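Peer 1: Spelled out from the first residue to the last, the chains are:
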Amino acid sequence: SQQGEEDPQALSIQEGENATMNCSYKTSINNLQWYRQNSGRGLVHLILIRSNEREKHSGRLRVTLDTSKKSSSLLITASRAADTASYFCATVSTIFNNNDMRFGAGTRLTVKP
Amino acid sequence: DAGITQSPRHKVTETGTPVTLRCHQTENHRYMYWYRQDPGHGLRLIHYSYGVKDTDKGEVSDGYSVSRSKTEDFLLTLESATSSQTSVYFCAISVDRLAKNIQYFGAGTRLSVL
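Read top to bottom, the protein sequences are chains A and B. For the first sequence, our numbering begins at 1 and goes up steadily by one. For the second sequence, our numbering begins at 1 and goes up steadily by one.
Please keep in mind that the hints were generated in silico from the structure rather than gathered at the bench. Remember, predicted model here, so these are calculated numbers, not experimental data. C-beta: ideal position from N, C-alpha, C; glycine also. Do not take every clue at face value.
[What the hints assert, rightly or not] Counterexamples of contact, computed for chain A against chain B with all Cβ distances above 10 Å:
hint: 1; residue: 27
hint: 2; residue: 41
hint: 3; residue: 83
hint: 4; residue: 113
[Unchecked claim] Here are some of the chain B residues that sit facing chain A, going by a computed Cβ distance under 8 Å:
hint: 5; residue: 45
hint: 6; residue: 64
hint: 7; residue: 68
hint: 8; residue: 90
hint: 9; residue: 96
hint: 10; residue: 102
hint: 11; residue: 104
hint: 12; residue: 106
hint: 13; residue: 107
Hey, can you work out the whole structure from these sequences and the hints?
Peer 2: Okay, here's the thing in structure tokens:
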């Protein structure tokens, strides 16, 4: 079963706008990660946030984590057409084997030039 | 794609035939993973390896077996392919599993079972 659920499933915005994607999960976690996947390619790691962290930044990416609500959000600021991709959250749970990272179904982001 | 090569990239096969997918890495990382990706399900772990001849099952291991006889190669075998195994298969490695389990993925193998 999926550990993470992304919301929305699809998002379409204009270049320059901000994009926010949300992830909810079910069990307690060690960390939560966000990955990006361009069409026909493998996933690429973007950012990791530990369970004791509330916010992290990396370039135009901002990730928040609320462990009380078991949710995370990924904000991409000043989006570009090149940001068009699918974005997945993945959790390393305290319950599952540490090798058993669980992925959500993803948010498909389209950035229109 | 992080020094990971998957082969073949595309394969079409018939129900009941055996299929082997190969994942090759060039950097001697200990941990390797096989996932399948299906619409609406994200990625699901099939099997993983934590060293030569050391493997374990993931969430969706039924119908799949793996082998790792060398550090650089991790093979995924479908003993008798079924249509439900039509999917895109991804191999991944983990560079610092104990700390974070950040994974690096290959480009994928698209498998169609007719």
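Peer 1: With reference to the structure, classify each hint as holding or not holding.
Peer 2: Evaluation of the provided hints:
1. 27: holds (13 Å)
2. 41: violated (6 Å)
3. 83: Label holds. Min Cβ-Cβ 19 Å, cutoff 10 Å.
4. 113: holds (26 Å)
5. 45: holds (6 Å)
6. 64: violated (15 Å)
7. 68: Violated, because the Cβ-Cβ distance from residue 68(B) to chain A comes to roughly 14 Å (cut-off 8 Å).
8. 90: holds (6 Å)
9. 96: At 11 Å from the nearest chain A Cβ, residue 96(B) fails the 8 Å test, so the hint is violated.
10. 102: Where the cut-off is 8 Å and the nearest Cβ of chain A is about 5 Å from residue 102(B), the hint holds.
11. 104: holds (7 Å)
12. 106: It holds, given that the least Cβ distance between residue 106(B) and chain A is near 5 Å, below 8 Å.
13. 107: Since the shortest Cβ distance to chain A is 5 Å, the answer is holds.
Hints 2, 6, 7 and 9 from the earlier list are contradicted by this structure; the remaining hints agree with it.
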